[in-house]
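Colleague: In case you want the letters, here they are:
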Amino acid sequence: MELLKELSEAFGPSGHEKEVRQVLRRALEGYADRVWVDALGNLHALREGTGPNRLRILLAAHMDEIGLMVVGHDESGGLRVRAIGGIDDRVLPGAQVWVGSDRIPGVIGLKPVHLLEQGEDEKVVKIDQLLVDIGAKGKEEAQKWAPLGTPMVFATRFEEVGALVKGKSFDDRAGCAVLAELVRGDRLPHDLYAVFTVQEEVGLRGARVAAYANRPDCAFALEGTIADDLPKKKDVSPTSELGKGPAITVMDRSFIAHRGLLRLLVETAEALGIPYQFKQPGIGGTDSGAIHLAREGIPCGTVAVPCRYIHSPVSLLSPTDLESTVRLMRESLARLTPDVLQM
Amino acid sequence: METFRLLKQLSETPGLAGHEEPVRALVRDLWTPLVDELQTDGLGSLMGRRRGRGPEPRPTLMFAAHMDEIGLRVTGIEKGFLRIARVGGADRRILPGTEVVVHGRRDLPGVVGMRPPHVVPPDRRDKTLPWEELFVDVGLPEEEVKSLVRVGDPISFRREAVELKNGLLAGKALDNRVSVAVVTLALEHLSRASHAWDIVAVATVQEEVGLYGATTAAYGVAPDMAVAVDVTFGRQAGVPNHQTFPLGEGVAIGVGPNFHPAVVERLKAVAEANEIPYHIDPIPGRSGTDAWAIQVSREGVPTGLVSIPLRYMHQPVETVSLKDVERAGRLLALLAAGLEADFRPRWEDE
Chain A
1 MELLKELSEA FGPSGHEKEV RQVLRRALEG YADRVWVDAL GNLHALREGT
51 GPNRLRILLA AHMDEIGLMV VGHDESGGLR VRAIGGIDDR VLPGAQVWVG
101 SDRIPGVIGL KPVHLLEQGE DEKVVKIDQL LVDIGAKGKE EAQKWAPLGT
151 PMVFATRFEE VGALVKGKSF DDRAGCAVLA ELVRGDRLPH DLYAVFTVQE
201 EVGLRGARVA AYANRPDCAF ALEGTIADDL PKKKDVSPTS ELGKGPAITV
251 MDRSFIAHRG LLRLLVETAE ALGIPYQFKQ PGIGGTDSGA IHLAREGIPC
301 GTVAVPCRYI HSPVSLLSPT DLESTVRLMR ESLARLTPDV LQM
Chain B
1 METFRLLKQL SETPGLAGHE EPVRALVRDL WTPLVDELQT DGLGSLMGRR
51 RGRGPEPRPT LMFAAHMDEI GLRVTGIEKG FLRIARVGGA DRRILPGTEV
101 VVHGRRDLPG VVGMRPPHVV PPDRRDKTLP WEELFVDVGL PEEEVKSLVR
151 VGDPISFRRE AVELKNGLLA GKALDNRVSV AVVTLALEHL SRASHAWDIV
201 AVATVQEEVG LYGATTAAYG VAPDMAVAVD VTFGRQAGVP NHQTFPLGEG
251 VAIGVGPNFH PAVVERLKAV AEANEIPYHI DPIPGRSGTD AWAIQVSREG
301 VPTGLVSIPL RYMHQPVETV SLKDVERAGR LLALLAAGLE ADFRPRWEDE
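Protein chains in written order, with the numbering used here: chain A, 1 to 343; chain B, 1 to 350.
Hints in this document: simulated from the structure, not taken from any laboratory.
A quick note: this is a predicted structure, and the numbers were derived from the prediction, not measured.
Backbone N, C-alpha and C define an ideal beta-carbon position, used for all residues, glycine too.
Do not rely on the hints blindly, as some may be mistaken.
[Stated by the list, open to error] Example chain A residues on the side facing chain B (calculated, C-beta under 7 Å, incomplete): (1) L40; (2) H44; (3) D88; (4) I134; (5) G135; (6) A136; (7) L230; (8) P231.
Generate coordinates for the entire structure from the input sequences, incorporating the hints supplied.
Modeller: Below, the structure written as structure tokens:
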């Protein structure tokens, strides 16, 4: 959990993943046989296998998170912003943010509720109407502290909440934590190409070049995925539920999982009594969407830690789910043989 | 104590209307060394008296700052999630993504969640969430939640107060902890000064739900003159300038039927004599502050209002200027110290 805390609190919106990369570099020191960074900023770590017929397995978890970017300065000194990645405008009002990697504190406030017209509180204040207030007096001072292009993230501390933990960016720092644990664990029969990717939230950009570069025989994307298990009026699927183990993707908007890898995951889980669930319906997309299309095509699967309230300042996950995800992956990789990859 | 630390501590301590115990304990600690006697009334307002040097019977000046804050309350438990309603004028537009503390059998940290954009169709994202889709999540299984939380339990916002550029501070409950800080600073000044009148500082309760604390406190103290301290709308983009006051450029002194002209004149005179910048806040009727209740206590109390400009009222990012806080503290202290033993607020034609 110490590593997840460090990862969650790191500053790393898409295109600005340096701080996360540094946390991971430190975490992998002494475990990875080779570590390198590519042209987009992906962090690659090779953990060599011990078996005679080693497969090249790519494991991808994205380092980037959603955030905001300064696109203008108001006369009042407020910062105009646009979203980096997918943000519902409704989570922004009342939020505290860290502006830039120096973490200048900023807040997002609205017109006081006392001054609203009847019914005005039903209307969502769109992001282009919002300002981030860092206390700057006027446009010039705002430009000095937060020039155009300055990225920002939610200012959220990692903490326990009941039996769960709370933090920002569990999508996908949860996946990063799982992947780091796999690299730090005992050596497996196969060569693990662990890649901590960049720019997933803006279009799976990092995974695409990482898959090309490493020529894997097969790949897994490790994610923090949607748990939509709140009470709802209509009985619709929760996508995944907290506390019920890793969520395995059969198909989503970005790819169809390789049948052999899927079978391997399910059989491993059942043989060892590791809890698991299928992610349904298959919404969203992951790095697998880019990886499976690399070169001549790569057998691919996605396994995720269920997280409530992703893409908001306060996501929650169950540490038990995270541990089960590490275990399911480790055991599945240990059982992986070339015939699993046959169509 | 340094103003930033004082205000941060006051901001971060919970104390919902009707559930002011934690903040009252803090204010008691802050005021104990600064007053001669402390007392709590039937509704829970805390009153600290500094005896003056004038001959008995001494007149009494009362300062009132409400210490309660807005928040939420548990209205139901479903699948382990808490259904909620507001206490005071909480703004539901800020709830998704906000951290809270549920004051159950013990304090439980929680969050108000938000379904991710992946599962909410874009055409459903242009309406704010109705109360029936807002839940507090304390991260515990249903049975455990049921054993720790009851319907009716209060929920307060949980937010670390932070310093912004130019000596601003942003946090929750600065409406009206900022004024509790002002009164505390005034007491600190007065502990090093001499004053003829008795000064009674009151941290009132239940202002946000109907000025109840000030009503009974004013009766109990029976002051000869009173000044309520509260917040007013601070200048922010999107709100017309005539409805707001700039941050860091002085306090606001209320004028209108709620305020006795002699109190207003005295406040202005003290500010001017000491180069404390101020604005006039014209309020044509109900001020919506403790001053409204105090004025009509017993046979009537000559009352004034000093306000601190604050941005984003009733949101957990309320923002004030530390300079305004310090100035207001000085203004109150100088007002109190300057009252002659025989001074009474009077009408010109009395």
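Colleague: Next step is simple, just say for each hint if it's right about the structure.
Modeller: Consistency of the hints with the structure:
1. Among the interface hints, the one on L40 of chain A is violated; its C-beta lies about 24 Å from the nearest C-beta in chain B, farther than the 7 Å criterion.
2. For H44 of chain A, the suggested interface contact is broken, since its CB lies about 28 Å from the closest CB of chain B, more than 7 Å.
3. For D88 of chain A, the interface hint holds, since its Cβ comes within 7 Å of a Cβ in chain B; the closest pair sits about 5 Å apart.
4. Checking I134 of chain A against chain B by beta carbon gives a least distance of about 6 Å; that is within 7 Å, so the hint holds.
5. For G135 of chain A, the suggested interface contact is upheld, since its CB lies about 3 Å from the closest CB of chain B, less than 7 Å.
6. Hint status for A136 of chain A relative to chain B: holds, with the closest Cβ pair at about 6 Å, below 7 Å.
7. Given hint, L230 of chain A at the interface with chain B, holds; its Cβ is 6 Å from that chain's nearest Cβ, closer than 7 Å.
8. Taking 7 Å as the C-beta contact cut-off toward chain B, the hint placing P231 of chain A at the interface holds, the least distance being around 5 Å.
The structure fails hints 1, 2 (numbered hints given earlier, in ascending order).
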